[in-house]
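These protein sequences, in sequence, are chains A and B. Sequential numbering of the first sequence, starting at 1175, is according to the working numbering. Sequential numbering of the second sequence, starting at 1175, is according to the working numbering.
Think of the hints as simulated: they come from the structure by calculation, not from any bench. Be aware that one or more of the hints could be misleading.
Intra- or inter-copy, both count: the list cannot distinguish identical chains.
[Stated by the list, open to error] Pairs of lysine to any residue, SDA-like flavour, derived with a Cα cap of 20 angstroms:
1. Lys1229 - Gly1383
2. Lys1445 - Arg1395
3. Lys1479 - Arg1217
4. Lys1189 - Gly1502
5. Lys1288 - Pro1268
6. Lys1384 - Arg1395
7. Lys1288 - His1553
8. Lys1453 - Arg1531
Here is how the chains run, residue by residue.
2 protein chains.
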Amino acid sequence: MSDTNQKLARDIATKAKTASRRLSSVRSGVKDDWLRASADRLRAAAETLAAENEKDLAAAPGYGLSEAAVDRLRLTPERIEGMAVGLEEVAALPDPVGQVIGGRVRPNGLAITKIREPLGVIFFIYESRPNVTADAAALCVKSGNAVILRGGKEALHSNRAISAVLGGAAVEFGLPAEAVQVVPSTDRELVGEFLGLGDLIDLTIPRGGKSLIERVATEARMPVLKHYDGICHVYVDGDADVAMAIEIASNSKAQRPGVCNAAETLLVDTKIAAEFLPKAGEHFDGIGVELRGCPRTLELVPTAKPATDEDYATEHLALILSVKVVDGVEAAVEHVNRFGSGHTESIVTRDIGTSQRFVAGCDSAAVMVNASTRFNDGHEFGLGAEIGISTDKFHARGPCGLEELTTTKYVVRGDGQVRG
Amino acid sequence: MSDTNQKLARDIATKAKTASRRLSSVRSGVKDDWLRASADRLRAAAETLAAENEKDLAAAPGYGLSEAAVDRLRLTPERIEGMAVGLEEVAALPDPVGQVIGGRVRPNGLAITKIREPLGVIFFIYESRPNVTADAAALCVKSGNAVILRGGKEALHSNRAISAVLGGAAVEFGLPAEAVQVVPSTDRELVGEFLGLGDLIDLTIPRGGKSLIERVATEARMPVLKHYDGICHVYVDGDADVAMAIEIASNSKAQRPGVCNAAETLLVDTKIAAEFLPKAGEHFDGIGVELRGCPRTLELVPTAKPATDEDYATEHLALILSVKVVDGVEAAVEHVNRFGSGHTESIVTRDIGTSQRFVAGCDSAAVMVNASTRFNDGHEFGLGAEIGISTDKFHARGPCGLEELTTTKYVVRGDGQVRG
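The shape of chain A in the complex, shown without the other chains:
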């Protein structure tokens, strides 16, 4: 069994590596034509996709899927259209491959250029939403990489059907058939075999819960782009506009509480606590957000419950907001760096100096000044579609799009130079 898995993983990864060598020099126009044709074909294949998806839905109760999970699994006509539009959006983005990101001519006449190149082979691990199959394939191949897709077992029929559409179009447009491969079995042990192939796979991206990411990070013999929790903070400074602070805190927490860039903790400067917190308490009561506060918060917001240190270290992903009164911006920064996950923080203030200290002090991927934490997103930043939001500091931090799926190469042109 283990030998079979080992052979299967190596075989798939070797094909991907070969495909990646060809893909690296495929022109943008060809890749974009493929993406647009794939979009059309997904639309045309709606019935087949729905039939394959039906098999997954029928098997879902056997996997003990919750109603919400079954809903995420379902390929409705709107979702198929959404996938197709997603491919067209990626086609419209600039190709990062070959982009010149630096260069100079040296005194000896050597012309040095630093360009972006594909990473090679990307192993992408994700959970139940089948539309991720199309998104991930589009981003990886547009950036010149071959991708090995390993979705959840609950979505295997759907993922295969989507990948067959993209793969079929690939061959017609002269892309290698193995540019996009779906792992044919969802055996957990098989994932481990892929994670051992540091010689063939250049990057693994796990998208899912913390335990999945931790397992992958521990086992992988290649780089891993990690996307951990967002324990995001809003700090209301003593010099904040109170109405703006309530609006930003509310939007950060409640506009879509189940996502990583939603706020989990509200920090309030002691100088403004007595004015701000009673109004904030009333606002959050009104929209059904449970506040869990420090002793000072409890004095000012009678409906709040007491918070523990664990609350401050928890990504609730629900209508629960931890609250703490802190002694100025330095204390806020200290709290953020101690309890946060380096994802997104926001300060509300009118004071330039204070905002600069907050921005400089927070060791996070994105720091907002007078704006909702919810804006930390590839689309909102104008970067186009994203493959995730990295909480790593290495290689890529924050929203990761096409550029983050590339490496670089120095190209040096001379006319016979040698070193003296």
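Let chain A serve as the given structure and place chain B on it in line with the hints.
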């Protein structure tokens, strides 16, 4: 013992993390003043440094050091001056921290800026040359990072003395004393404890032999910037200028054979082999380079010895050059990607199209056209001092200077924006 090591490592790394928080917002001028003052003090401390170095030299026979290793360990007046000049050169480089590398204003008025930030804490592992202590400290601290230096046991007295000079100056200039720390023991187990501190150390850089790098890459719970062998190639195309090809091949191999960007293999297009190889054979015979060739090479160069596949996969670091006749640029690229280490390749040709196919096909950090492989170097590329030449594709590829020791942060400025 293990508990003591664990506590010691965590204590040092915690101090480094605290220092890194302060360092991240220290201005360039302060860091540059510190570097220049440290240079002066290294010069002034030449006698003390020589005395401490003498202790290491006295102990060297006990460690079984070769004569060459003892020579690398010796701090001569010229080498102390070299260290001082190195610090002054780093002071003169632009500070990467805060550098704006992207940005835009979004339709909703959000002003988005992407800036460089220090990584945090860097664990630097190196071998016997004590001047690396000053180089590494300068590059890490100039880029806003705290550094933990773990040199070889053979150089412990010298490394401590150098670090004491830099650390003493640090405090006077208002930098945290723990910006530069030397691991006080060279216990191998202690290294393992540091490698486990993924929560405190942001990057490990091992500089040394392959087995050291492999051990570090396997054990480290944080990113590792790897600098593996250079199995570099020169490909002489059918359309090459023969005299230029000989000069470039010769310089690539023999100008300094013991370094990673020296060539190990010469690939020769079958179209030019009969003209080029006899002349090249004569040239290399004349300068004492042993050729190990494929059967076709042996026909054309009677003095060559037969090469094995192992030769093509070996970094000789000596006056030995593997030679292979290949059928055009595609076969050359295939050989490079199969046997190479992704470090540096060079093509000699007059044909633009062929050069483009070689550049695009080689999956390497640097590809030269009509220039020696020896130019793959931070100084030669005009990047300033380098901490190594990465053979990784993730985060940094090729020569790594100050910029490669940073991460990024998105800073987003608004006036009350929330998501709808």
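Right, here's what the structure says about each hint:
1. Lys1229 - Gly1383: Close neither inside one copy (25 angstroms) nor across copies (54 angstroms); limit 20 angstroms.
2. Lys1445 - Arg1395: Result: close neither inside a copy nor across copies, 50 angstroms intra and 41 angstroms inter.
3. Lys1479 - Arg1217: Neither way: lysine 1479 and arginine 1217 sit 50 angstroms apart in one copy and 63 angstroms across, limit 20 angstroms.
4. Lys1189 - Gly1502: neither (57 angstroms within a copy, 24 angstroms between copies)
5. Lys1288 - Pro1268: Classified as both; 18 angstroms inside a copy, 19 angstroms across copies.
6. Lys1384 - Arg1395: Intra 19 angstroms, inter 16 angstroms, cutoff 20 angstroms: intra and inter.
7. Lys1288 - His1553: This pair counts as between: shortest inter-copy Cα distance 15 angstroms, intra-copy 27 angstroms.
8. Lys1453 - Arg1531: This pair counts as neither: shortest intra-copy Cα distance 27 angstroms, inter-copy 66 angstroms.
Hints 1, 2, 3, 4 and 8 from the list above are not met by this structure, while the remaining hints are.
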